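In order, the protein sequences belong to chains A and B. Mapping to our numbering: the first sequence position 16 is 16, numbers consecutive. Mapping to our numbering: the second sequence position 148 is 148, numbers consecutive.
By construction, these hints were calculated from the structure, which means they are not laboratory data. Treat the numbers as computed from the prediction; the structure is a model and nothing was measured. Ideal Cβ placement from N, Cα and C applies to all residues, glycine included. Errors might be hidden in some of the hints.
Taking beta-carbon pairs under 7 Å as the criterion, some of the chain B residues facing chain A (in silico) [as the list claims (entries may be wrong)]:
1. Val-122
2. Pro-123
3. Arg-138
4. Val-219
Chain by chain, the residues run as shown.
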Amino acid sequence: MVPQAEFRSYYGRPVLKPPLWHEPHMPTYLYLGGLSGVSSSMAVMARLTGRPRLDRTARVAAAAGAALGAGLLTAELGRPERFLNMFRLFKPSSPMSVGSWILAAQGGLSAAALASDMTGILPLAGDGALLAGAVIGPLTATYTAVLVADTAVPVWHEAYRELPFLFAGSAMAAAGAAGMLGTPRAQAGPARAVAVLGAAVETVAGGVMERRLGLVGEPYTTGRAGRLMRAARALTIGGGLLAAVAGRGRALTALSGIALTAGSLCTRFAILAAGRASAADPKYTVVPQRERLDAAS
Amino acid sequence: MAERMGFFTDTSVCIGCKACEVACKEWNQIPDDGFVFEATSYDNTGMLGASTWRHVAFIEQSRPVAAGGDDGVDRWLMSSDVCKHCTHAACLDVCPTGALFRTEFDTVVVQSDICNGCGYCVPACPYGVIDRREGDGRAWKCTMCYDRLRGGLEPACAKACPTDSIQFGPLDELRARAEERVTRLRDGGVPEARLYGENPDDGVGGAGAFFLLLDEPEVYGLPPDPVVTTRDLPAMWRWAGMAALSAAGAVALAFLGAGKR
Numbered sequence: 001m002v003p004q005a006e007f008r009s010y011y012g013r014p015v016l017k018p019p020l021w022h023e024p025h026m027p028t029y030l031y032l033g034g035l036s037g038v039s040s041s042m043a044v045m046a047r048l049t050g051r052p053r054l055d056r057t058a059r060v061a062a063a064a065g066a067a068l069g070a071g072l073l074t075a076e077l078g079r080p081e082r083f084l085n086m087f088r089l090f091k092p093s094s095p096m097s098v099g100s101w102i103l104a105a106q107g108g109l110s111a112a113a114l115a116s117d118m119t120g121i122l123p124l125a126g127d128g129a130l131l132a133g134a135v136i137g138p139l140t141a142t143y144t145a146v147l148v149a150d151t152a153v154p155v156w157h158e159a160y161r162e163l164p165f166l167f168a169g170s171a172m173a174a175a176g177a178a179g180m181l182g183t184p185r186a187q188a189g190p191a192r193a194v195a196v197l198g199a200a201v202e203t204v205a206g207g208v209m210e211r212r213l214g215l216v217g218e219p220y221t222t223g224r225a226g227r228l229m230r231a232a233r234a235l236t237i238g239g240g241l242l243a244a245v246a247g248r249g250r251a252l253t254a255l256s257g258i259a260l261t262a263g264s265l266c267t268r269f270a271i272l273a274a275g276r277a278s279a280a281d282p283k284y285t286v287v288p289q290r291e292r293l294d295a296a297s
Numbered sequence: 001m002a003e004r005m006g007f008f009t010d011t012s013v014c015i016g017c018k019a020c021e022v023a024c025k026e027w028n029q030i031p032d033d034g035f036v037f038e039a040t041s042y043d044n045t046g047m048l049g050a051s052t053w054r055h056v057a058f059i060e061q062s063r064p065v066a067a068g069g070d071d072g073v074d075r076w077l078m079s080s081d082v083c084k085h086c087t088h089a090a091c092l093d094v095c096p097t098g099a100l101f102r103t104e105f106d107t108v109v110v111q112s113d114i115c116n117g118c119g120y121c122v123p124a125c126p127y128g129v130i131d132r133r134e135g136d137g138r139a140w141k142c143t144m145c146y147d148r149l150r151g152g153l154e155p156a157c158a159k160a161c162p163t164d165s166i167q168f169g170p171l172d173e174l175r176a177r178a179e180e181r182v183t184r185l186r187d188g189g190v191p192e193a194r195l196y197g198e199n200p201d202d203g204v205g206g207a208g209a210f211f212l213l214l215d216e217p218e219v220y221g222l223p224p225d226p227v228v229t230t231r232d233l234p235a236m237w238r239w240a241g242m243a244a245l246s247a248a249g250a251v252a253l254a255f256l257g258a259g260k261r
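Isolated chain A (complex conformation) (with noise of 0.2 Å):
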């Protein structure tokens, strides 16, 4: 338990202005572009080693991922028709200007890789397209813990060292179920061990972040998103293990990959909900500037 933390503010009013992305907008994002570019490599994976079922469904999931994922951001702006402003500049100190660069690739080569290996229309461009996916999925994938870590918010700043390892298992997970669940039992074995996978890397990088962060971590065991978080982690713990066994049969593998996209998408939920309650609470944002400022002097 973490000491009661004395301190001063204005009225107990926030330092901070809370995060204004929406819900389902924002987090259901997160769960697609993690399950967008962990599927694109799953996509060359299953290519290189003959595995076409499995490539199929990996390609559908990394397309269909970025494209909703897109559409989502896009309502998600205040002012929807600006869109295309995003590609104004390239701006390397924004991290949703290098994001949108980023999910604009990762859209596109997707879509080709996808549509290439449906029509059999240009196989080597498909080929070119889908390898490419190999380099930005990953990146589609972990961006987006950098773009929350890039804010005010102390519980998302102070854990930016987590939070790429939080979310690059919560998209293996989630692209691992996805792989599981729409391909034949005998093809999907690599999508169980990446589920497998996913799972105990965003179990491990979950529980070192809130016990490195102390009193900043608080709101990821906190309230809503405290309850996310457990019910994150239980549904992600158990539809893992399951993944492990679900070889054997089809309601095991259906159980385990909805358990692991539920598990996916809470801790999504999860970490929306601690980043507005981190920045409602003045403490989060005083206390720890206080304690450097003390220790300094």
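Model the placement of chain B on the given structure of chain A, informed by the hints.
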């Protein structure tokens, strides 16, 4: 490039008249932001936001006053808050469209014809200044009256301030003047007087709008030691890069471990 211009808000002479709030609203034609009794002294504005670019804070303190030993006398703190126009401005750094830019006066301004309302600047600001306006969809904040500055005028709030609590001018001059003022106050029996945001070595590289305060910053709703979030951006990308590589490696492992079919 013109000289860097700024605000020095000397809260020790603020009388809480809110003329700055009104002048700002009128000059910049900012819409109504609601009339709410906040039950926080005379502050019914609350905080800076999309439609509030100056905000006068009121703090009523009951504490012993040293001179004369008159225990229990209330002390009033009043302070007109504003965008800090940081040297290292997080809002500007993270803006993906380039809507936020740095002017020739070294101030930070949103171009409302570019902003697409992504909202990223809002949680990026360590002071909680900038916000998106409901119904409008774009981000708004103090421009330090960019239009007036270009016309050779001082910002509306500084013009309207009856006690010169809000001083406008070249930042170097203001810093020197503030240093003098804080020394005079301390020597004159106000040891708690301190400057906030004047130091170019602080977490935001020094604020273009800085303050003389009579208590700790957090009492006024200001962060005690703000740091621009993008300072850690290279480290963030390194960690994300490691995570991306790990994910790619794990996927490859999952396929190779499963063997050739």
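Here is what the structure says about each hint:
Taking 7 Å as the C-beta cut-off, the interface hint given for Val-122(B) holds, the closest approach to chain A being about 5 Å. The beta carbon of Pro-123(B) comes within 4 Å of a beta carbon in chain A, closer than 7 Å, and the hint placing it at the interface holds. The closest approach between the C-beta of Arg-138(B) and any C-beta of chain A is roughly 6 Å, which is under the 7 Å cut-off, so the hint is satisfied. At about 5 Å, the closest approach between the beta carbon of Val-219(B) and any beta carbon in chain A falls short of 7 Å, and the interface hint on this residue holds.
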